[in-house]
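Enquirer: These protein sequence lines are chains P and D, in that order.
Mapping of the first sequence onto the working numbering: residues 1200 to 1361, in sequence order.
Mapping of the second sequence onto the working numbering: residues -13 to 756, in sequence order.
Hints listed in this document are in silico derivations from the structure and should not be mistaken for laboratory results.
Which residues of chain D face chain P? A few of them, derived with a C-beta cut under 7 Å, are: (1) T20; (2) D28; (3) F192; (4) G243; (5) R274; (6) Q649; (7) G657; (8) F683; (9) M692; (10) M694.
So the derived label-pair ranges between C-beta atoms look like this: (11) A426/D <-> T1207/P: 53 to 63 Å; (12) K162/D <-> L1264/P: 52 to 62 Å; (13) K424/D <-> V1353/P: 31 to 41 Å; (14) Y501/D <-> T1207/P: 34 to 44 Å; (15) R1316/P <-> T632/D: 24 to 34 Å; (16) D1325/P <-> Q70/D: 57 to 67 Å.
Glycine is no exception: its CB is placed at the ideal position from the N, C-alpha and C atoms.
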Amino acid sequence: MSLEKAITVEINGVARELSAPANETLLDCLRRHGQFEVKSGCEKGDCGACAVQIDGEAVDSCLTLAWMVEGKKVTTLEGLNDADSPHPLIAAFLEHGAVQCGYCTPGIMIAAEAMLRDIPDPTDDDIALALSGNLCRCTGYTKIFTAIKQAAEVLRAGGGDD
Amino acid sequence: MTDQEIPYRQAEANVVLRQVGKPLERTDAEGKATGRTRYAGDYTMPGMLHAKVLRSDIASGRLKHLDASKARALPGVVCVLTAQDLPDRLAATDMPGQTGQKRASTDRQILVREIIRHHGEPLALIAAETPAIADKAYDLIEYEIEPMPGVYDTEAALDPGAPIVTEPDNIVGEHKIRKGDTEKGFAEADHIIENTFHTQFIEHAFLEPEVGLAWVDENGVVNIRMSTQVIEHFRFIADALGVPHNKVRILGAMVGGGFGGKEDITVELYLALLAQATRRPVRLAYTREDSFVGHGKRHPFSVSHKTGVTKDGKITALEVKISADSGAYVFLSPYVLLYCAVAAPGPYRIDNVKIDSAAIATNNMYTSAFRGFGAAQACVAYEAQMDEIAKTLGIDRFELRRRNFMRTGDKTATGQTVESAIWADECMTQALEALGEKTAASGPIKIGRGVATYQQSYGRITWFHDTSEAWVGIEVDGTVIVRSGVTDIGAGQASALGQIAAELLGVGLDDVVIYNSDSAVTPLAGTTTATRALYMTGRAVHTASSNLRERLVAFAAQELDARPDEVDLANGQAFVPDDPSKSMSLKDLAARGASEGLERSELAMFRAPFTDPIDQETGQGPVFPDFTYGCHAVEVAVDTETGEVTVLKSVGAHDIGQAINPQAVEGQIEGGALMGQGYALSEELIYQEGKLVSPSFSEYLIPTSMDMPEIKCIILESRSGLGPFGAKGIGEPSLTPVAPAIANAVADAIGTRVFDLPITPEKIVRALRE
Ligand code: FES
Ligand code: FES
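Isolated chain D (complex conformation) (with noise of 0.2 Å):
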């Protein structure tokens, strides 16, 4: 660890740790990698029926009239719904909590009754015996939708006599932080800089499109198995349903990739619908184009930043305007707007802060979760920001965020302290030694670097009071069972619990089998999003296994006639390190107590830092339970003739506490290094009135093999974290910086700034010329 800061919270130190910073073959890579893990998409059933959506193609319109007779008339066809056929409920938007506050007003509903108000909004959905007369009756069915003017942009959204897309008047969601006085801090500055930076609308594009396949059993009970982040939407189908909570199930698979994209609820609710009406099996499996069209986005924002800044570089207030599109639904638009203004001023530390920010609704396709979540858009802002005031004072760039960062102790702009370590400087300071070496530019090859720093939150707004649960088990033969609801998504979610249970109970990772994403059967973990599931399950993991630990300590320190405090275990023994003779297998010594009766098993639950809601006029309160910090710094090559822009070198470095499994950490950075290239330099979905005109690989390009740099991971380990072992969280850190990095290098190379992303080539050659 860097000596220059003595964290303000530390986990214990110079402990030895056996399983857990361990790089680890991951309990899950084996059965993938063989090709033997089934995923969601790969499960049959009897007398399984084939599911369809019908979907609008119009943004906005009025659905003047649906016939499925036609269709319902094909043999074959089992079973056509359409919103005649359901009861007038709403289906939930909002983000499941333990605590079953919900939002009522701003759900949406689940077919089309009459208006039509995103391109894609389902109108029908179809189940038939097989795919091709789900198809057929697709075709079959007859209905006729009248155009309505609609809004797509947020500043239209707003003017005087706009259509209305949500009630009142457009707005979803607003929030203020007001720290300081702005105005004093504007005075006592030198410069004072303004600029607005623009986000474009992406697309998580997880490889694994969605899938479901639904079943009423023999309890009457609505079992979903599906590709999810979010196993505790039951709640909500069951709602949309009218049945019992107890009467929706939804278990997991190994989950093709999320990003965010399958935190909303996406084919359960017309999995449950269709089951409930057939009370038959029923597969729904979107195309590639589905699933472009049937879940929410990433928010494009607009960010405007006006910065006071004396002449050696201390900033001395900041004033941000935030707009964010959230498209046709609220969705979860409120809440990464939130995070937004809770990011905008990034790790620095600004004593007059004066943020505005607003969601706005329109007729485009409903924004909502993506790995980053608000925190993301406000770092491709200020990062921006940064090298744009060291430009104007004529200051290294680097020196500049040094003289402004945060330092362990120090207070958000909400007022929140931070208790964990900020290592923004470190960070900064070793990604940028990395980069080695700059590469040597020649004739119309530019070579730029840049660098982005950050402050992202892990774990979830604290007044949601978040919780997370988890079973850990050992059987007679001394191998450990842990069961808990956790979805895994593809980052080794279930496997580092393995770990973590591993380490306490001192056997491998290979004696630890771990059960999870099952809402009827596992313990209830909370979603896999917000840089949660580590954190908060994680936690859960290590107070079942402590707690087991514990008694296994005391039984066999009575069985080894020894104190219970001179007692380890590690590599399936339980011994006492200072006396060879006394030791025992954990196969023995679980054996011997479960004839005695020993609990060999804990269910524990872990609860985040709970507080109020901060205040709506100020902003001013704790918002998240803590924070990682970290920077990417990166090296481009561009071409000024063609402005074809090149990633070399590409350096994350993040303080994540403490790494569970490194491996697994650097795949993080590794990945959120290529997905954020992709945000900054090629993605972009294009809609015109509303509808997505580029539905597909071939047209949305996201980062190929062909477009890796060379990239390099380096993991500082504070261990001030709030989650296990003092570790924080890296899942959407990894991917924050990365753009705007992009985007700073970019600017360095070629003199002048593209302030919208993505950074296509003809911007580049469009801003050259000017």
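Same shape as in the complex, but just chain P (with noise of 0.2 Å):
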């Protein structure tokens, strides 16, 4: 059996303590504390369907194990979707239709939001970059890319402001 134990950790901006065994995997262990949001495509760090943020940076939940959280904060897809003021992204992906099976929509917006913060005003080429990891078998990345850039500029017009 292995080892146990609870970790507090900040999901989404509420303090929440998990349960992990030493040996599993953070998308494991969110998924397995409900935040389904958290996709799983591959388990090994080529898709990027289980993208989330640690304090503000997104990595691949499914190659960090739980127990490197404690004490930080993380964020998904939920995260991002704030009922009084949903994310800029949500808005621009709903009306640019980049959207499809959805599947790697949850990884996608968290890589998105992480780069708009560094880079505002985002050309194709840091898009691509910071999508890099991000596969999706559905769309193209074309309207996912004019998604992205619509919410950069709803955002540099100080819209969705949290």
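Using the hints, put the two chains back together into the complex; each one sits in its own frame.
Expert: Here you go:
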């Protein structure tokens, strides 16, 4: 039996205590605790479907051990969907039809949001690089790029403030 | 619309559409964009067990013994099933149909009893209290496989003395097409051009691996909630379990991508067996590696064209020889082969045609449905051949196509008259124009352009007698419900149905809720495959909504003291357009109707055209309901030093009849553009002695955001299709021409051709050296 311990972590702004065995990935742990918006696509760091932010930085949760996030802040797509002010990325993805099967979407939004905090006015190359670890088989990425650029514009104009 | 051609048949022109044809936000979009949508893998149940499949890592062998006793003894292991524990039944590998016809002889064993035919063939099923215990049990199963000689390419499989994978001779399907007199046609030709083209094994690479959850309910019904394109496999599952068909129910969920890879039976069979054996809920989630080895692939094809052509570019005769690797089980190979044979002449009028095709069994992974379904491989060959012909004749490639294009009213090579518009030429013209200024070459970087046009069916083979049902109802508050079994695999299949109902009932898409994908509760709509969901189920929803509309209008006419033909429904109102005093809300109308006993729902079935099978010897007769025509054009840059190809511009122009949701149509074209790019340039499953050696996304390279070219979508609307409002289909057609267009552009850039996909840098450098 592997060692299990309770870790304290802030998930989407809410303080939580999660029990996790020593060898459990953050992906499995989050899903076991109901964060089903974090998706599993490969469990090897190849697809980005499982991306979350740890203290604001996008990482593949399948390559991170749950114990590593002790005392940190974890943000998933749910955290970008604040009831009072959903992130402009969400509105932009909806407006531009950037979601098809939607399985890549949570990871892509997480990666895009992290990029937009660093690069408020991204070029296509910036976006391509930021999403290079996030596979999408449905959309050809085109509408995703358009949506991200629109969200960037909204954010630069001071929209979606929080 | 272009006015060069009057379509042979056209849906009502000049109707005002209020919901259809608009880029509305899809009904499924918000749930997905906020992370609230629950996929099949997100469901859990109390007392749920976790399953795992043990597979052979050898492609051809004999299972000498298998001992699960240590695994069964492990605390927390609830069940291990081996072939010994199952009755000697087979699992269907055929297309599910409404008519119940079935090819028993070619079905597969559920678990290996003795002979192993392909890498990944399942040996045992495990159900345990936790995933970790299931993993341990997996390691505790002891077995011994004696390797046997296998056969791994289609030519070797036909050698006398070759190991027989499928009785009697490894040939699992053959189709012939004979039209006119090819000998005479070749005699009339000034040139005869012969080439052979090869395509590779590829993987669907949907982002969501196969997953499901099964439980037996209080009525003894095996319920399976899963990710699938085809809930109607419930019948085959019932047959495999030995229970009546009404004792198995498949519930879908939003599917994380399919592309044909979730068309055959996947996890549902194992889930059902384990739930039946344990009487507990069981979850099975494939890992990515399970997914790579666990479902059928796209067929590698070898397609040889021999074309006779006059010096001014008229094709006088065509002979095509096709062979496909069907892998170790038949699955949909005979149908994929038929699609390839029928598609082989392309969108060209050729009077003398002879086509021979065979699908051949090997010990490679079995091959089955993949977006494009044989017609994509056909296009790789016929469009490359067109460019080769143009090169030989010294004629412009596009002009050569124009001289041979089928025109509206023409017949296909099987003698089927196409009753919709044939706008291949218009699509090519617009796609080429949209490429714009040619990028300048510089140093070792050469620029090339290419197009591919196509003819691709939508809807299933007409002798399958395909049908689809949908139910539409209006609530007493004027809101609308659509119920249909259709599965939504990400292209907006469900939302499009809502848009059609909204159009006809005069409400907004927000006023419609769609229930789909439940084999026991929603009316059965058939498969989400073959570019048929919108065509078939869209028509069923159209009929149900129209019938309901008629009844509502008649009732409103009474209430408004008007004639039914004066009443319109729109914006949530029933009204007489010419008389503003005569109007009432749909809400009041529905409530009044309810109190008067007005029937507020309709169930409708749509039937595709039904035909008899084509003639076996000549292949003559109708094969498909109808066809989509279009063109993809690309511009590429090729680094002649490294062989690296960059796709710069990618334009899809397709006559889709009528766009229901143009934004969703663009999504198909853009997605097809990148998937086709992977097919042309980077994707290949490598099998060594039948064993897959590249079962991950770090070895199997699908296009990423870094590979995205500038993509343009051009939607032409002839309104001549068989779908709702004259729609055709775009799901598969959007992919089909992309890889050949890229292959032609690369050949244009470097002046020589790579005949085998994928066109890797190594092959380009080699071709340049020769
Ligand atoms: S699941 Fe983590 S990168 Fe694919
Ligand atoms: S929308 Fe399906 S994988 Fe991106």
